[in-house]
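2 protein chains.
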Amino acid sequence: MNFTPLSFDPPRGMRDFYPEDMLWRNRVFDAWRHAASVFGFQPYDACVVESLELLQRKSGEEVSEQIYHFEDKSGRKLALRPEMTPTLARMIAARQGQLAFPVKWFTIAQCFRYERMTRGRKREHYQWNMDVIGEESVSAEVEILAAAAASLKAMGMPDDAYKIRVNNRALLAELLAKSGIAPEHHAAVFLALDKRGKITDEEISALLEAEGLGEEPIRKTFALLGVQTLDQAATLAGADSPALATLREFFALSEIYGIADRLVFDIAVIRGLAYYTGIVFEAFDTERKFRAIFGGGRYDSLLTTIGGTPTPAVGLGFGDVVVVEVLKDLPGETAAGKNGVVIGYMFAEQREAATRLARALRVQGETVDLMLSRQKPKQFFSRAGSSTFADAIFIGPDDVQKGAAKRKNLATREETDVPLCT
Amino acid sequence: MNFTPLSFDPPRGMRDFYPEDMLWRNRVFDAWRHAASVFGFQPYDACVVESLELLQRKSGEEVSEQIYHFEDKSGRKLALRPEMTPTLARMIAARQGQLAFPVKWFTIAQCFRYERMTRGRKREHYQWNMDVIGEESVSAEVEILAAAAASLKAMGMPDDAYKIRVNNRALLAELLAKSGIAPEHHAAVFLALDKRGKITDEEISALLEAEGLGEEPIRKTFALLGVQTLDQAATLAGADSPALATLREFFALSEIYGIADRLVFDIAVIRGLAYYTGIVFEAFDTERKFRAIFGGGRYDSLLTTIGGTPTPAVGLGFGDVVVVEVLKDLPGETAAGKNGVVIGYMFAEQREAATRLARALRVQGETVDLMLSRQKPKQFFSRAGSSTFADAIFIGPDDVQKGAAKRKNLATREETDVPLCT
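Those protein sequence lines, which keep their order, are chains A and B.
The first sequence begins at 1 in our numbering and counts up by one.
The second sequence begins at 1 in our numbering and counts up by one.
Hint data in this document are derived by calculation from the structure and do not stem from the laboratory.
Please note that the accuracy of each hint is not assured.
No copy is singled out in the list; a pair is fine if it fits within one copy or between any two copies.
Quick list of in silico lysine-lysine cross-link-like pairs, BS3-like style, CA-CA up to 25 Å [unchecked claim]: (1) Lys195 x Lys163; (2) Lys122 x Lys378; (3) Lys198 x Lys73; (4) Lys122 x Lys178; (5) Lys153 x Lys178; (6) Lys195 x Lys153.
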């Protein structure tokens, strides 16, 4: 046995959050919770440990190879969830008879993905999940995207700093069918096309050939990706295409919600997960410098896959990594302003006055960092000045005698009197 | 291979949180965050997956047998943390040269413990951790307990509904030494005595015998547990006992913090973790109907154990399970009041007015549940009445014509006019 010295680093691919990292994380989490609340979504959660079988029940995608899994002492096969949607489907299925549909639920869930090739990607992240379960109309999609837009606004992201690219898998399915590609090949075609940009077009062609597609259908498949507008799509799909009508209704409703300026139709948006059945979407920073900020879509068949009653559903997954990269890249961005007050004291005799003052301010809800032992003034103000606190109160013998101390704004150096209770 | 049908239950010992469960959980989490904020504790976090070696480095306790552990594809030994303190120690050690001590940090961390005999206990819980690192004086202990008391007040727990029982392991060590028990046996004696109430006194005697203690030292050890007051302890430990002086300073300071009414000296409080070195504490509901609400103490040697510089530290762990049981047991307790507004509409023609109203109220920060499709009035008010929302607005053709709708308080049936923008 060889003994390796204990490392102070987190396990590979996992993140530590120091207080300065938490400033960014809380800015994102608080904005998510705020948007979920104003849009009337209800919170839910489940354990990060899920049954492996549930996670594997959705097939046809890479995720299942990338699951951290293990057995408990009774031989139960468990796993760290790579995404929240199967768990949500399980929880909905368990109460399908009791819930008043549609339900609008949200959670902030840690998810794990074991990627061998990390390319700087982490193996865990937090994901805001918003789902509308039990609503057939596109108002579900627009409601979710408006909430996502509201969260970005709450984080301080300008409306013109990002675009949400929208497609409809049902439209793509109609167009593939018109190109002579039978429905049983569509899932494989979606997954192959979704790899565009990650692998070469030749490699995608090879995947399509392996699926049994001939040269002509492969050429037509690539040609579809040249469609730029809904009107161009209409010439191929026909004016009576149901998938096109859905997209047009979606864009009309998004005008009323006030988010149409951030939406773009993009036939190349497909999404990697097999379970999407209708509208799919992905948000990117406008300059496309970063990976997708969030993504999601309609998955009307997932509950059936795990044994529930057929139920229409729309979901969004919004991770905590890319959005912070985008926010940090905005001009003039810093994590947070200073607030609260530090209280210190010179000698043990002033500890009681300092403690009583801290107690009084805390009862009023103010953030107070009370020094836990006596300090010299220089030592106190040096620490206070480099902290996240806005004000400082230092109590010496004279202050206690006067029954008042000075509260100093550390930036402006302005002082105000604070009465001391003894 | 036998195929078991897919279960909709969470894995054994793990919890699902439906929206009604989240009302309780958010009440607790919000109170924890509020108290941490007003006491000036800074947030930190780390991944629930930790290196197994770090967790096993602390020895002499049962926890390490109860760790969920697994290997990743590179053979790294990983585990789901059973507690947060080793991770905290690792993060502090990694930045020991840069941090301005003392630091006051908090987190709300999910922790796992695989217990074979569950006795209704879950295998995961969330734990609020508050730690003061780098402070030798008992002001660290009192600061943490005052913050814990503030969180209980914020949850709605009356001050007289709980007691915090306090001891000092250093006092027990002094008394054991005076009883002729050498220091190398103290850790084992602490762990044995901590099992009181869980196993019989005869079984504890057997554990002490196995540790090599004779009949007389065992009798004296049990006699120590009869000590009721600090004055009784003084007659045994001597008036100049440093451990007693620490306890007296602790109780004096707690008067100034305004929490002395909830503190009780209890020599039988020991705590199960091996790393505590000084004051230890446990909070219980006053009637002792439930398990401990929170616990913690001073652990001045932990950083050395993992390879860091010696650093004094005090920590508190406060789980989310017992406190909710205690809160639910209080007379007249319910999770939360109703708030926000549900907006519905009768025909597709009123969808735009309903959507614009929802949009305007949401921008103002109000919680709005907008119905995603048309409804009959009866259907709408039936759903709204059984929801968590306080008010309801239902928009019909007449309302749009008038340019105003009625906002109805669902409890009092009072109505106010709301202008509609079209």
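Tested hints:
Taking the closest pair of Cα atoms, Lys195 and Lys163 come within 25 Å of each other only inside a single copy of the chain (20 Å); across copies the shortest separation is 60 Å, beyond that limit. Within a single copy, Lys122 and Lys378 get their C-alpha atoms no closer than 42 Å, and across copies no closer than 50 Å, so neither meets the 25 Å cut-off. Only between protomers do Lys198 and Lys73 lie at most 25 Å apart by alpha-carbon distance; the minimum there is 24 Å, versus 40 Å within a single protomer. For a Cα distance limit of 25 Å, the shortest separation of Lys122 from Lys178 qualifies neither inside one copy, at 41 Å, nor across copies, at 55 Å.
For the homomeric pair Lys153 and Lys178, neither the shortest alpha-carbon distance inside one copy (41 Å) nor that between copies (66 Å) is at most 25 Å. Proximity of Lys195 and Lys153 under a CA criterion of 25 Å is satisfied in neither setting, with 30 Å inside one chain copy and 54 Å between copies.
When the structure is compared with the earlier hints, violations turn up for hints 2, 4, 5, 6 and for no others.
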